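Participant: Line by line, the protein sequences are chains X and P. Position one of the first sequence corresponds to residue 1 (this note's numbering), numbered consecutively onward. Position one of the second sequence corresponds to residue 1001 (this note's numbering), numbered consecutively onward.
Incorrect hints may appear among the rest.
[As the list claims (entries may be wrong)] The calculated EDC-like cross-link candidates involving lysine to aspartate or glutamate, where the alpha carbons are at most 16 angstroms apart (straight line), are:
hint, chain 1, residue 1, chain 2, residue 2
1, P, LYS1151, X, GLU112
2, X, LYS270, P, ASP1157
3, X, LYS148, X, ASP247
4, X, LYS68, X, ASP282
5, P, LYS1207, P, GLU1196
6, X, LYS63, X, ASP282
Calculated directly from the structure, the hints in this document are not laboratory data. This structure is a prediction, so every number in the text was calculated from the model and none was measured.
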Amino acid sequence: MTISSSIPHRMRASMLALTVAAAATAALFGGPTSARAQDVTLINVSYDPTRELYRAVNDAFAKEWQSKTGQRVTIRASHGGSGRQARAVIDGLDADVVTLALAGDIDAIARESKKLPDNWQTRLPNNASPYTSTIVLLVRKGNPKGIKDWDDLAKPGIAVITPNPKTSGGARWNYLAAWAFELDRSKGDVAKAKELVGAIYRNVPVLDTGARGSTTTFVQRGLGDVLIAWENEGFLAQQEFGADKFDIVYPSLSILAEPPVALVDQVVDKRGTRVVAQAYLDFLYSPAGQRIIAANFYRPSKPEHAAPEDIARFGKVKLVTIDAVFGGWTKAQAEHFADGGVFDQIYKPGTPSR
Amino acid sequence: MSETTPEALSEDPSGAASRLRRRAAARSIIDEAPATRVVLVALAVGFLLLFILLPLVAVFVEAFRRGLDHYLASFADPDTQAAIWLTLTVAAIAVPLNLVFGICAAWAIAKFEFPGKSLMITLIDLPFSVSPVVSGLVFVLLFGAQGLFGKWLAAHDLQIIFAVPGIVLATVFVTFPFVARELIPLMQEQGTAEEEAALTLGASGLKAFITVTLPNVKWALLYGVLLCNARAMGEFGAVSVVSGHVRGLTNTMPLHVEILYNEYNFVAAFAVASILAGLALVTLLAKSILEWRYGDALSRTRLY
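Build the full structure now, drawing on both the sequences and the hints.
Facilitator: This is the structure in structure tokens:
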């Protein structure tokens, strides 16, 4: 149901009856109603920390699209844990585009709902990821617990905040980054990696469902000594609450996170939005889009288009890819996060934290 | 006094007298231990202040933390306006529906005997006992793309979940008992004698309902509608499951409060929350006025 935003606010009360009738009509016929035929609405179902990024992208894209075509486009956004958002799209949320935290979640949409082809990731450059990011450690100012690297998180008495890998994409990157660190340090000893990651999760007092929930737990409710976070979430927390409150610690090794984007073919064909939805995704790769991406603390795939000072902020860290260390998302998902997988073996709710 | 049944008439005087005696006895016990009374009152007042009043005040303090300008500016955001508007729309559909359903259910249960009646009374209470999350999931299982009717709905291009119809359905479900639960005890107590009299005097069934039954229950009805409306506008859990959280489209006020809060937009979050809290206060005030002015008619609801 679209209640046209072009109706003056004061007129709305008198139109209540009309609206009820319109809503009833929508209930009966379902089709999206649009105030003006040339206006178009896109729905972008995204993961948790991208709220600020897509607010900026949506404004810029709407301006560009209108000047190019004369058509007014409104982008509606929905944010939440990546896995939960994928589930909503599978259950029928009509997303024109999905912009999620990891390829595995869009794979799940393709597999379960057949709304987009299995080869979706080959349709856009860089594995359909217009930007990359990585996982960092956010600590309280001055780093009172002296946290420098992943193995410090496993020490007794350190409270670690990270979301639930079952519902959050960012949490799965967090988990895999710690795993990759120990594999690298121990020259491939899986038992040691399992031991370290298990010890880290025994230090977690609360698992939120999404990355943003964990950030608020850490920065606002003041729980925990360290937050395992998206690099962009760390910078954003500093921007929102002041750089004098938190420090970003780059571990010696982290994972290269590639959050992908995709067109949902079945939805755009049904709603007749394929052209504008494709243009929206292409905009992310454009110089203007890349600049906005860097300004919002994500690592653009074409850094030459971004402001140099935005690029200079990013710390140097050795990055490994999921394909190289874990053999891709499908394998990592099945091995670590499926029911009965490694995560279920090492994390037992109610395990007393040390 | 034709609305009381003969049994109630014969029992009532002795029942009232014994209640009075018990009350007098209880009062003398309390009088003997004033310390206990002070402790109990202090506990109750302290609990109220700490758990009810303090959070309520906190909402308004946070909302006005950065001044009236910022408070009012929160409502200029189109997404916030859309959320308020959607909540009003959903309540405007769900409350009248439950008004009609509630009257029908109460009428059927109070005035007629039929097999399965006690099952029906239990079913009316179901939304109260089921967790709101389950209430939402039920609709996803029925109308979701992978659900029971999902294929059929998709084939006919009908959207229920993640659209206004789904939000209305979930709201109707969780607010269903309010009107019916207010009416059933009152209508049961009133019996059918007045309607029978109206019918013998030549009134049609509909006329008897409008001129006899409805005026008898009007205050309880209003009371039920108030509670129903408050819950319809405030519902979070069930709506959250079926909403999809698309701003400007399927985002209601309670969901929008959460979104604003998670975006570090605290003034706006509490500004929207203050509207919900204000609504609760207005409901409470209206309820108190009703009880004070028409306490007599309403108290009958509680007797049985």
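Participant: Now tell me, hint by hint, if it's right for this structure.
Facilitator: Hint-by-hint comparison with the structure:
Simply put, P:LYS1151 and X:GLU112 have alpha-carbon atoms about 14 angstroms apart, close enough for the 16 angstroms limit, and the pair holds. Straight-line distance between C-alpha atoms of X:LYS270 and P:ASP1157 comes to about 9 angstroms, which keeps the hinted pair within the 16 angstroms bound. Under the criterion of a C-alpha separation no larger than 16 angstroms, the hint pairing X:LYS148 with X:ASP247 is consistent with the structure, at around 11 angstroms. Of the supplied pair hints, the one linking X:LYS68 and X:ASP282 holds, its CA atoms being roughly 14 angstroms apart against a limit of 16 angstroms.
Annotation: proposed proximity of P:LYS1207 to P:GLU1196 holds, straight-line Cα distance about 12 angstroms (limit 16 angstroms). Note on X:LYS63 and X:ASP282: the hinted pairing holds, with a Cα-Cα distance of about 15 angstroms set against a maximum of 16 angstroms.
The earlier numbered hints are all upheld by this structure, with none contradicted.
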